[in-house]
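Each chain, written out:
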Amino acid sequence: MKTKGKKYIRAVQPYLFVAPFLFFFVLFALVPLVMGIAISFTKWDYASPMEWCGLDNYKLLFGALGSGKVAKDFWSGILHTLLFVVVETPLLILIPLGVALLITKCRKIKKFSMGFFYFPTILSITTVCILFNFLLDTNSGIINHYLHTEIPWITQMPYAWISIFLLSTWWGVGGNMILYIAGIANVPQELLEAATLDGANALQRFFYITLPCIKRTMLYTFIMTTIGNFNMLGQSQVLTAGGPDYMTSTAMMVIYDTAFGGKNNFGRACAMSIVFAAIMFVFTFVGYRLQIADDKEASV
Amino acid sequence: MSKFKERIARYFKNNSKKSIAITAVCYILLFVCALAVVIPSLWAVATSLKYETDVLDVNVTLIPRRVTLENYTSILANRNVPILRWFWNSIKIAVVYVVLYLFITSLAAFAFSRLRFKGREFLFWLGMSSMMIPGVINMIPNYIIIDKLGLVDNMFSMIFPGLGGVFGVFMLRQFMRGVPLAYDEAAKIDGANSFQIYFHIVLPLCVPVLVTLAIFSFQGNWNDYVWPLIVTNSAETRTLTAGLATFSGSYAHQYGKQMAGAVLSALPILLVFLAGQKYFIKGISIGGIKG
Numbered sequence: 024m025k026t027k028g029k030k031y032i033r034a035v036q037p038y039l040f041v042a043p044f045l046f047f048f049v050l051f052a053l054v055p056l057v058m059g060i061a062i063s064f065t066k067w068d069y070a071s072p073m074e075w076c077g078l079d080n081y082k083l084l085f086g087a088l089g090s091g092k093v094a095k096d097f098w099s100g101i102l103h104t105l106l107f108v109v110v111e112t113p114l115l116i117l118i119p120l121g122v123a124l125l126i127t128k129c130r131k132i133k134k135f136s137m138g139f140f141y142f143p144t145i146l147s148i149t150t151v152c153i154l155f156n157f158l159l160d161t162n163s164g165i166i167n168h169y170l171h172t173e174i175p176w177i178t179q180m181p182y183a184w185i186s187i188f189l190l191s192t193w194w195g196v197g198g199n200m201i202l203y204i205a206g207i208a209n210v211p212q213e214l215l216e217a218a219t220l221d222g223a224n225a226l227q228r229f230f231y232i233t234l235p236c237i238k239r240t241m242l243y244t245f246i247m248t249t250i251g252n253f254n255m256l257g258q259s260q261v262l263t264a265g266g267p268d269y270m271t272s273t274a275m276m277v278i279y280d281t282a283f284g285g286k287n288n289f290g291r292a293c294a295m296s297i298v299f300a301a302i303m304f305v306f307t308f309v310g311y312r313l314q315i316a317d318d319k320e321a322s323v
Numbered sequence: 085m086s087k088f089k090e091r092i093a094r095y096f097k098n099n100s101k102k103s104i105a106i107t108a109v110c111y112i113l114l115f116v117c118a119l120a121v122v123i124p125s126l127w128a129v130a131t132s133l134k135y136e137t138d139v140l141d142v143n144v145t146l147i148p149r150r151v152t153l154e155n156y157t158s159i160l161a162n163r164n165v166p167i168l169r170w171f172w173n174s175i176k177i178a179v180v181y182v183v184l185y186l187f188i189t190s191l192a193a194f195a196f197s198r199l200r201f202k203g204r205e206f207l208f209w210l211g212m213s214s215m216m217i218p219g220v221i222n223m224i225p226n227y228i229i230i231d232k233l234g235l236v237d238n239m240f241s242m243i244f245p246g247l248g249g250v251f252g253v254f255m256l257r258q259f260m261r262g263v264p265l266a267y268d269e270a271a272k273i274d275g276a277n278s279f280q281i282y283f284h285i286v287l288p289l290c291v292p293v294l295v296t297l298a299i300f301s302f303q304g305n306w307n308d309y310v311w312p313l314i315v316t317n318s319a320e321t322r323t324l325t326a327g328l329a330t331f332s333g334s335y336a337h338q339y340g341k342q343m344a345g346a347v348l349s350a351l352p353i354l355l356v357f358l359a360g361q362k363y364f365i366k367g368i369s370i371g372g373i374k375g
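In order, the protein sequences belong to chains A and B.
Here my numbering runs 23 ahead of the position in the first sequence, where the first position is 1.
Here my numbering runs 84 ahead of the position in the second sequence, where the first position is 1.
Just so you know, these hints were derived from the structure itself, not from any lab.
All residues carry an ideal CB built from backbone N, CA and C; glycine is no exception.
The reader is advised that the hints may include incorrect statements.
Stated by the list, open to error - Computed, partial: chain B to chain A, Cβ under 7 Å:
1) Val116
2) Cys117
3) Leu126
4) Trp127
5) Ile175
6) Ala192
7) Ser214
8) Gln342
9) Phe357
10) Ile365
11) Ile368
Hey, can you work out the whole structure from these sequences and the hints?
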């Protein structure tokens with residue numbers, strides 16, 4: 024009898040270990056996924072009963088009705104998000120790499136600089152937006168003060184986007200920089216020395232040794248930065264409030280406004296989320312594939 | 085002093101002119117980059133100590149002509165922007181979240197990496213593939229679930245949804261696979277049960293990666309902007325990141341007060357960062373290599 028009980032415990036035990044995680048995973052990741060898809064086929068303002076409406080929400084975004092205001096706002100949000108991803112991702116890959124190389128070279132102050140350049144990243148996005156709201160002010164802002172200009176940084180195109188890039192870069196460099204420094208520190212010293220003996224110059228050493236060695240780190244930062252940039256919302260909502268004239272609205276902002284901005288259009292917002300997620304998936308999938316291929320190569 | 089001179093002399097002797105020049109250029113470039121971080125921060129602190137009329141002065145200078153703490157006192161007294169309260173909320177929520185997340189994910193990772201059970205591969209595969217699906221789809225349904233559970237305006241609305249995150253399980257499982265199974269066998273012979281093996285043997289060995297995960301999840305939770313805005317109605321229950329969203333609006337063009345708010349919101353997390361900087365940077369570095 025006793026051994027039977029023990030056997031039973033051994034069979035159940037693993038599930039007890041997984042249960043707490045599984046509970047939250049199912050409740051807040053799997054169930055919402057199914058719900059999201061289901062709600063996207065309904066007309067629902069959350070207060071009144073749900074109304075099945077088939078593909079209407081999608082038709083509103085794509086089909087014959089796709090020329091309306093809703094579709095226009097949504098697709099311009101998507102376009103702005105893509106613009107942000109395409110411009111900001113390379114900035115947040117290349118600038119941190121440059122700073123990381125400089126810090127590695129300046130060995131004497133390496134530890135201090137790592138903490139120092141990481142500082143903006145620990146601030147919350149809203150704090151950074153408040154700071155830049157002041158720096159970029161047309162009349163009393165510091166940037167115009169130093170440049171002796173009167174540029175309306177936040178309220179006019181294309182300056183509004185330049186401001187967002189500036190802020191996002193200032194805020195985001197630190198995180199990737201730390202990862203690159205760690206990656207560069209892991210490059211085998213013997214390889215670099217051997218290359219120097221063979222007469223390779225600094226540029227050659229960088230492109231043929233350092234860069235291939237930190238490929239994995241770069242792939243990781245690429246995926247993470249791309250996902251982060253797709254989800255950009257704070258900058259557009261707090262710094263520019265989507266303006267001027269909705270020129271800095273992002274996909275997240277349109278979805279948020281549709282669902283929670285007083286319109287409570289849950290069905291439509293869910294359909295938008297799914298279309299946006301599909302677009303995002305195409306971009307990140309390439310990254311994941313590269314990473315998986317890299318993992319296989321590394322484990323062989 | 086003479087020792088210092090000696091060192092410099094030795095340095096110049098041991099290195100070629102070219103390499104000295106390159107190093108010097110690197111230091112100068114790094115210094116210029118540092119200015120980009122320092123100057124905005126200095127202006128923020130200086131402006132927060134100025135009278136509003138001095139901030140708007142055409143001939144504005146970095147160093148305040150007259151120093152005042154009025155901006156700080158007026159913000160701390162304003163009940164509509166309870167910054168200290170928001171800060172406390174943020175800390176409370178992030179700490180509870182991190183502790184629960186580490187416990188839950190390490191339990192799961194232990195099972196996925198060392199225990200045999202039916203459905204293990206399927207469950208793990210399910211989790212991994214869900215990681216690739218953008219989280220935006222879950223935003224609205226999660227709000228509905230939180231609302232149905234009666235958790236709107238409750239701190240747990242900002243803790244529970246994140247506990248389903250797969251990333252931690254994946255990271256810890258990778259690390260635990262590196263811990264030799266022989267340890268488990270030895271402990272089992274000594275009469276330890278699985279939970280004891282998990283708690284006394286595997287978990288202590290995972291401390292470096294747990295620190296990394298703690299930092300990542302803390303930062304993620306702390307910086308979450310949109311979710312707290314969705315699940316809170318009253319200013320009282322907001323986190324710092326979400327609460328400050330409307331801050332500039334309530335002090336339009338009063339930059340002294342805006343900067344005082346920015347400094348107040350940055351100071352506590354800066355102190356936390358400085359205190360744990362060593363673990364912080366080490367932890368992030370591990371994350372990048374293992375992740």
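Now for the hints, and whether the structure bears them out:
no.: 1; hint: Val116; in the structure: 10 Å, violated
no.: 2; hint: Cys117; in the structure: 6 Å, holds
no.: 3; hint: Leu126; in the structure: 10 Å, violated
no.: 4; hint: Trp127; in the structure: 5 Å, holds
no.: 5; hint: Ile175; in the structure: 12 Å, violated
no.: 6; hint: Ala192; in the structure: 4 Å, holds
no.: 7; hint: Ser214; in the structure: 6 Å, holds
no.: 8; hint: Gln342; in the structure: 5 Å, holds
no.: 9; hint: Phe357; in the structure: 5 Å, holds
no.: 10; hint: Ile365; in the structure: 5 Å, holds
no.: 11; hint: Ile368; in the structure: 5 Å, holds
Taken one by one, the earlier hints fail for this structure at numbers 1, 3, 5, listed in ascending order.
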